[in-house]
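S.K.: Each protein sequence line maps, in turn, to chains A and B. To convert, note that position 80 of the first sequence is 80 in the working numbering; the numbers rise steadily by one, no gaps. To convert, note that position 109 of the second sequence is 109 in the working numbering; the numbers rise steadily by one, no gaps.
Note that these hints are calculated values from the structure, not bench results. All clues stand as given, with none of them false.
Listed next, the stretches of chain A that the computed footprint assigns to chain B, with coverage defined by at least 3 CB atoms under 8 Å from CB atoms of chain B:
| no. | segment |
| --- | --- |
| 1 | 94-107 |
| 2 | 343-351 |
| 3 | 414-420 |
Yeah, the Cβ is synthetic: ideal placement off N, Cα and C, and Gly gets one too.
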Amino acid sequence: MSGGAVERRFEFRKSNGVRGEREEEDREEEEEEDEGNGRGLEAWERAYADERSWESLQEDESGLLRPIDNKSLYHAQYRRRLRSLSSSSSSRIQKGLIRYLYVVVDLSRAASETDFRPSRMVVVAKHVEAFIREFFDQNPLSHIGLVTIKDGVARCLTDLGGSPDSHIKALLGKLECSGDSSLQNALDLVHGYLSKIPSYGHREVLILYSALSTCDPGDVMETIQNCKKAKIRCSVVGLSAEIYICKHLCEETGGSYTVALDESHFKELLLEHAPPPPAIAEFAVANLIKMGFPQRGADGVIAICSCHKEAKVGGGYTCPRCKARVCELPTECRICGLTLVSSPHLARSYHHLFPISPFIEVPSTLPSNNSYQRLPKNCFGCQLSLPNPGSNPVLRVACPKCKQHFCLDCDIYIHESLHNCPGCESLRESKPSNTTKV
Amino acid sequence: MRAAPHKLKGFRNTFTRFPLMLLLAAFGLIYRMYGSNIGSIDGRTGFTHTTRWAPQSLVDLDDSAPSTPATPGKSLATVLVTPPSKPQHSPQIIPFMAPAPSKLYSDDVSLLVVALDTNPFFWGGASSNPNTPSLSFSRFLNHLLPFLNSIILLHQLNQVVVIATGVNSCDYIYDSSSPPMTSAASESRNMPSVCSAVLQNLEDFLIRDRQIGKDELAAGNGSSLLSGSLSLALCYIQRVFRAGPLHPQPRILCLQGSPDGPEQYVAVMNAIFSAQRSMIPIDSCVVGIQHSAFLQQASYITGGVYLKPQHLDGLFQYLSMVFATDLQSRSFLQLPKPVGVDFRASCFCHKKTIDMGYICSVCLSIYCKHHKKCSTCGWN
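Whole structure, please, built from the sequences with the hints as guidance.
M.R.: The following block contains the structure:
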């Protein structure tokens, strides 16, 4: 453990760094031995000592154990999150749909800590894989690249690519952590790569920081100013504690800084970065981008595919400009450079452009007695029977437009996955917007 | 060949030296062949493969999932939008989907949600109207009701839910798991209770639907609210997923006759992607005159079956041969293959399908020619 103190060390030569590292390693080994002797607990005992599940029980007035109502807790949490997301404006805010995101994974010595089981690095790799899949699910036209920081040096693990397979394969390979972490080197590397992308793309960096310090070869404030000038939005998810330099970085560039408390919280914080953030208009130039919509090749046609350089029978797509065969979409044609997409990929992003309004809670107290009969007895979406709103926790919500009542689970599902209100869709009305057609 | 005197005495003797070396060579070979495998099972990969999504199915999920790459068309469905990677030999493949709670599927038990098109503009069209189907609504129900009954009879735990897609509203018509209401009609010995319940509720629904639309003029091109019934079906299936660890395998069957309403495109695509994420196949049986592009895409993306029967007189045969089988058995059957789904887009200005177009980076509008300014969102 690096003592928990916030430090910044300036190191100018690698030889100094190596010597310093060895000294620190000796010190660390002594600390670990002390800790090991002091505890003397087995792994199963440590689970009880660390997790303390009995502390989450509650008692009611007469001293009996009250069952924890997880559902309403979860729903309250969900609504808080929804309110914070939509509190900025009630109208549609512009979102950056074409994103070029670099995920920086910290593989310094601090990533081998075991406060996340089995170690921080393993947990981070696991959740970054889930994040990548979710990211491409929500932003099919965007690109991700992976960067690691190890021994004070930032290295590019995978280049900017539009399909999840290459990144996930790189993540599943053996990752080792050692050395210090350097924020400036990572930002410099990412800045160099992101300066080459087209101007309509939104540049973002997501840093997963386990260390408590950063070891930089120069002035990190200057690098932060460079990133701000290059319009790169940097966000950090910390795993150990809040660090001032990360907070400053995020404030300057307009990103978000969060620190994870435990593994499930980390996953939640990470997945919050999957939907597109509100875009700052000057950051990306709005442009009309030329894209191709390839047709599927007929079955039985033999062609040499341009990605694997081998002959394939049937299937595949033909680039409309240069007629090269590609295996999957979305991709960039290797011969002529045209971005190839299909219409479902565009359709995946439409729900960001046409979001549904959050449902309002039906108040538990009602003015008159007759209203109980007029309230619908079942949830409109799933036909679950809803009890009358008289008891304390809120059990039903209503859509502000179609006034249908829904249960809490349908509310969460509709807003997180479906993005259609069943009540509004089941009503024939003249809709002036949403006149997109394929 | 004289080894130094301080080395092992045995080596000097030829009889012990060569067998020893052979043994060492054999060990070396064995280590090289298997040692690499041993080396890679480090703690990290061991953890990730057993504790992650872990869909602990009683049935191997590879067999039950509809998108088996039996046909090149179906494998492209997986390739098109972020594929689930399913090599058949490995049982612990993590399917590519967004995080869903681990599910246990029961063998052979299915939940069938039928989205039934009851658009009176379609079914009651005049004979001069070229869109009139050759089947009347009552004969269509004659084919449908025995099919629903047969699904219920196939397995004790099978469940059928019918949702009506009207022209002005959508609603639940029948749920086989809800307790039957005792009425004179259901006690009839000649009709199973599903028929009477469906007919009664359908009549009530059609009266209500007409009531809602009475005050407004006939809108659009006579399309029905497909997006509404798909959304209702998905909400119901999510409720079944929440009910317990063991639940039936759900699928949606759309019986559609009305043409597609282009104003519902975004909502239908949202429903399709949500179904794909929860691994719910959407089958379609089109009883109308023209093909439905929405349902073709739906079945392609979610791994369902799309069928437009040629002879509507034999509709029950089509339904029972193609749509009655549960998902696990589909891997053993030759089902209709998807025929060339066209995923090209149409430009917003002329509405013609284009091969190459210009997309606005802010609002994703599609144009066929380069403009200085996007007319939808006003950015230049």
